[in-house]
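*Asks:* Each chain, letter by letter, is given below.
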Amino acid sequence: MTSTPRPRRLAAMIAAGTCAALLAACTGGTSVGENPSGANSGETVDGTGPVEGSVRLAYWGSGPRIERTQAVADLFLEEHPEVTVEHENADFAPYWERLNVQASSGNMPCLTQTQGRQLNDYTTRGALLPLQPMIDSGAIDVSDIPEDVLDTGRGLDGELYMIPYGAAYDAVVINETLAEEAGVGLPEEGYTWEEFGDYLREAQEGLPEDVKAANLGGGLPNYFIAYVQGTGQDLFDGNQIGFDEQVLVDYWNFWEELRADGVTTTPQQSSEEPDQTEQRYVAQGRVMVDNLPGNALTPAQTTLDGLAPGQQLTSVAAPWGEAGQGNALFTSGFSIPANCDNAATAAAFIDFWINNDVAGQAFASDNGAATNSRHLDQQLEDPELPDEKQHELGLYQEIVEREPVSIVYPPGYQANFEDTFTRHWDSVAFGEASVEEAAHAFYEEVNAALAAESTE
Amino acid sequence: MATLSTPAATAPEPASHRPAAPGRSRSLNRRTREAIAGYGFLAPWIAGMVLLTLGPMAYSLYLSFTDYDLMSSPNWIGLGNYERMAADPRLASSVLVTLKYVAVSVPGVLAFSLGVAMILNKGMRFLPFYRAAFYLPSLIGTSVAIAVLWRQVFGGDGIVNAALGTLGISGQSWIGDPDSALWTLVVLNVWTFGSTMVIFLAGLRQIPTDLYEAASVDGAGPIRRFLSVTVPLLTPLIFFNLLLTTVNAFQAFTPAYVVSGGTGGPLDSTLFYTLYLYLRGFANLEMGYASAMAWALVVVLAVFTAALFASSRYWVHYGDER
Amino acid sequence: MTATATSTDRAARDHSAGRSRPPRQIFGRRVVRNRLLVGLVRHATLIAVLTIVLYPLLWMVGASLRPGNEAFGTLNFLTSNPTLENYREGWNFGQLNFSRFFLNSLAVTTLCVIGNVVACSMAAYSFARLNFPFKRIMFALMLGTMLLPYHVTMVPQYVLFNELAWINTILPLTVPKFLATDAFFIFLMVQFIRTLPRDLDDAALLDGCGHVGIFFRVVIPLSLPALGTTALFTFINTWNDFLGPLLYLNRPELWTVTLGLNGFLDATGESAFGPLFAMATLSLAPVVGFFLVAQKLLVEGIATTGLK
Chain A
1 MTSTPRPRRL AAMIAAGTCA ALLAACTGGT SVGENPSGAN SGETVDGTGP VEGSVRLAYW
61 GSGPRIERTQ AVADLFLEEH PEVTVEHENA DFAPYWERLN VQASSGNMPC LTQTQGRQLN
121 DYTTRGALLP LQPMIDSGAI DVSDIPEDVL DTGRGLDGEL YMIPYGAAYD AVVINETLAE
181 EAGVGLPEEG YTWEEFGDYL REAQEGLPED VKAANLGGGL PNYFIAYVQG TGQDLFDGNQ
241 IGFDEQVLVD YWNFWEELRA DGVTTTPQQS SEEPDQTEQR YVAQGRVMVD NLPGNALTPA
301 QTTLDGLAPG QQLTSVAAPW GEAGQGNALF TSGFSIPANC DNAATAAAFI DFWINNDVAG
361 QAFASDNGAA TNSRHLDQQL EDPELPDEKQ HELGLYQEIV EREPVSIVYP PGYQANFEDT
421 FTRHWDSVAF GEASVEEAAH AFYEEVNAAL AAESTE
Chain B
457 MATLSTPAAT APEPASHRPA APGRSRSLNR RTREAIAGYG FLAPWIAGMV LLTLGPMAYS
517 LYLSFTDYDL MSSPNWIGLG NYERMAADPR LASSVLVTLK YVAVSVPGVL AFSLGVAMIL
577 NKGMRFLPFY RAAFYLPSLI GTSVAIAVLW RQVFGGDGIV NAALGTLGIS GQSWIGDPDS
637 ALWTLVVLNV WTFGSTMVIF LAGLRQIPTD LYEAASVDGA GPIRRFLSVT VPLLTPLIFF
697 NLLLTTVNAF QAFTPAYVVS GGTGGPLDST LFYTLYLYLR GFANLEMGYA SAMAWALVVV
757 LAVFTAALFA SSRYWVHYGD ER
Chain C
779 MTATATSTDR AARDHSAGRS RPPRQIFGRR VVRNRLLVGL VRHATLIAVL TIVLYPLLWM
839 VGASLRPGNE AFGTLNFLTS NPTLENYREG WNFGQLNFSR FFLNSLAVTT LCVIGNVVAC
899 SMAAYSFARL NFPFKRIMFA LMLGTMLLPY HVTMVPQYVL FNELAWINTI LPLTVPKFLA
959 TDAFFIFLMV QFIRTLPRDL DDAALLDGCG HVGIFFRVVI PLSLPALGTT ALFTFINTWN
1019 DFLGPLLYLN RPELWTVTLG LNGFLDATGE SAFGPLFAMA TLSLAPVVGF FLVAQKLLVE
1079 GIATTGLK
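Protein chains in written order, with the numbering used here: chain A, 1 to 456; chain B, 457 to 778; chain C, 779 to 1086.
No lab work stands behind these hints, which were simulated from the structure alone. Treat the hints loosely; a few may be bogus.
Unchecked claim - Some chain C residues near chain A, calculated using beta-carbon distances under 7 Å:
id	residue
1	Tyr936
2	Asn1028
3	Gly1041
4	Ser1049
To be verified - A partial selection of chain B residues facing chain C, derived with a Cβ cut-off under 10 Å:
id	residue
5	Leu605
6	Trp606
7	Leu753
What the hints assert, rightly or not - Sample of chain B residues with no beta-carbon within 12 Å of chain A, all distances over it, derived:
id	residue
8	Arg489
9	Tyr495
10	Ala567
11	Pro584
12	Ala588
13	Pro593
14	Val642
15	Gly675
16	Pro678
Note that the structure is predicted; figures quoted are calculated from it, not measured. Where a beta carbon is used, it is the ideal one built from N, C-alpha and C, also for glycine.
Make the full structure from the sequences, and use the hints.
*Replies:* The structure is reproduced here in structure tokens:
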């Protein structure tokens, strides 16, 4: 296998490759990337029609989430025995991977779970159906969902593409036991970022040697969103960044100063920390304060009970800014793809999920507080609701009362904003760039990427 | 009796070099029959290539000249992707990371697996148990559990730091630090050396023991025996392992994805080339760019493979030489 | 080279002279008498090295025996209150049993092993022993398929399988194996087969065997180590494959073990690490078992080429 001179073999490979490429480009493979609307291009789908046949239901999560989702689906099937529901679930990251591959061949499930952050990746490419016609026709009833919560399901063009069913928020989780031992207690309502910094510094003096007051938060996008919301500036202006560079500089300086004062974990420690709640430092009693999703309070407490029995976690809202509260809502909901061939059944399912009381109880706000305010009230009145859940839902209500600003994410948000944010923070934290340099580099990179994304 | 043949610089002769059969018609017939047999045995592979491989491969080459984003029709943009690649700083850094990884882990894996294979090749009690035990890490190497396990070893509170602590050295988080994160992945690659070891073991087993006896009776020590008996006869497999380990190292994806949580962090220190390719394709929805990256890699690997094959003439000894 | 002639002659002379040869010399000039000590030292060293190498796995087994929320408490792999709760919880995963996932994995893996062994050995025989037009181009093409990262062919292949309506079946995972798409194993077996001298082929030819006969009577029996290696690696790769099942096996009833394991992780809610470690430990069992069986074939198979 060695006596052929190299040029001849290379030439043969190139020839073979070119022939095959020409063949493929001319004949097969053209169905890839064709208008994925497939079944529904051109017509308005209003979701009315017979509820029958089968639908695929895709969602992320494991264990308890799967059980609850199946419970709701089973209840739906009791009412519509002629329907079959096929479940497709995966962990959060592989979920989107698979969804993208499915989208590429027009094979997205009729009931696709989405979030505001990724929504516009699909809406700007026409992969999802506008849902307003289904509301207008009465197929889906959203009268119990607060207006600004419903708005989180809108795309860049203002059309509604997702019906949110669960509203999550990011909370500041505090280890109450450690806080009391350190002599600082909990921050007061309305506390500002400056007060937050002082609170942490004071706490650090009273904490044991190996416990830090805060986990380094400079690289957490959601923490930063709370900061921006507090300044009153917009996160995005269309498909460009809507806030001033100075906001980012201030935010990163805040954390750099805390780090220099020894109040936070080291950059190595924070970059090594995995995403799962059970492995976060605050759930293991190694830091006193951190930013976690609101519904992580329950698993975090369970973990803490095993590692440091007796310690109690609680959650408070994010610090306030000059313009008001920092918390934003991150909603999850259902969308119907344009390639769905059974929109009527999908619409009926969504309507059931949102409005049916028994279903609401079965799901029990597992993915953020139920957006249906009637359901939320019912759950809060339930005496058997566990304490942590009670606290989580109560905090949600407070946040909603303060009318959080709804964020519209441009396409490519998750890839272009979130990952870039962490990367540039790391360059600051590991000493490779100054705060100003990194903030500027971040600004340029994200704006360029978001602009490129939208011209495709 | 078996002889140690001199390293032959001759290429393997075509199989049709047989004693000439009387009459031209008979030898043509034989050649045709051989060709038919050749194609016959190759039929499944040919079917697979045509139906399942060539199409997608060619299509991905086509995509590298487009701006395909997985959901809209691809538009032809010529060399646009390749031009962007040349100017992309993250791509350059991912190339560097990958090269470092290949340069260190390939020799590491080969040396380690050959070493352990040689130790295990001697008859000893419980040998099957040891073999299986050393193979275990490879079995779990790509599992989701690896992320957790590797943190238990190299994390800030991992066993390595605990061990260093007993020696009085205070360690850092090896996984969380951009300067050391890549080397933890190199160790991970060497840790999963089982497959390479097994291949070497199988090859070592095929070396007739009387060759060793003969050499040792002649006064050859262990090192000389290794160099004159083991290595020459093992060269086809060394070649194979070298090629495959290198190709795999260039294409490494899962270790970086799993350990860095899919980010290539911290600070892109574990951003392997294929991980970056994957992120551009599936996270940024820039499938055209990702395809261009992939084909650039193919060219590099093809050149490397061709060079390795060309060099094999000088150091690999096959048994089917005459 | 006359080394062998000399040594054999000497041995023959010694034998015929009734003299026994001096004891084999190892470790230089000194003959080591205490074999037991050497053996003990070797075993001790190996076990020490093994403990280091296997530490992560030992930790995982230990964690699987600890109560769920204590999984990460310690670096030790021994525990004070062992429990089998994780195994029970993990096995009864939601509405489906983990046994279902094991069966699915077993089915897919078995088919893949058979497919690869059959198809790749055929292709390898063809490349290694037979001559036909365009052979070199095709060999280069085969090698070329190994060089392309699979992520870029993933999407066109998915589209293809979607058009064939093979999604949610095991066909996309198994049929390619029967069509020898795993170039790695073709190449591996080519290298193995090429180490076999052709004299046996010629002998068989003289006996009247056609190429098919040579394949079944000469090449296959002598390639058992290579076939065993192929079977083993295919088993392991398929057993641990995550991306393939993720894309093509959407319904939970079809899930393989890897998807099942991933199902314990939830970055957005509650992960179940205890059951994850328990099931991951269990999922090692079939692979280890297969390895123990295959390694006999692999390494203790056929010894020498018997050319004397």
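*Asks:* Give a verdict on every hint.
*Replies:* Here's how the hints hold up against the structure:
1. Tyr936: Holds, because the Cβ-Cβ distance from Tyr936(C) to chain A comes to roughly 5 Å (cut-off 7 Å).
2. Asn1028: Holds - the Cβ of Asn1028(C) comes within 7 Å of chain A, reaching about 4 Å at its closest.
3. Gly1041: holds (5 Å)
4. Ser1049: Check passed: Cβ of Ser1049(C) comes within 5 Å of chain A, closer than 7 Å.
5. Leu605: It holds, given that the least Cβ distance between Leu605(B) and chain C is near 4 Å, below 10 Å.
6. Trp606: Hint holds; Trp606(B) Cβ to chain C Cβ min 7 Å, cut 10 Å.
7. Leu753: Since the shortest Cβ distance to chain C is 6 Å, the answer is holds.
8. Arg489: holds (23 Å)
9. Tyr495: Non-interface label on Tyr495(B) holds, nearest chain A Cβ at 17 Å vs cutoff 12 Å.
10. Ala567: holds (25 Å)
11. Pro584: holds (35 Å)
12. Ala588: holds (30 Å)
13. Pro593: With a cut-off of 12 Å, Pro593(B) remains clear of chain A, as the shortest Cβ separation is near 21 Å.
14. Val642: holds (17 Å)
15. Gly675: Non-interface label on Gly675(B) holds, nearest chain A Cβ at 35 Å vs cutoff 12 Å.
16. Pro678: At roughly 32 Å from the nearest Cβ of chain A, Pro678(B) sits farther out than 12 Å, so the non-interface label holds.
Violated hints are absent here; each numbered hint is respected by the structure.
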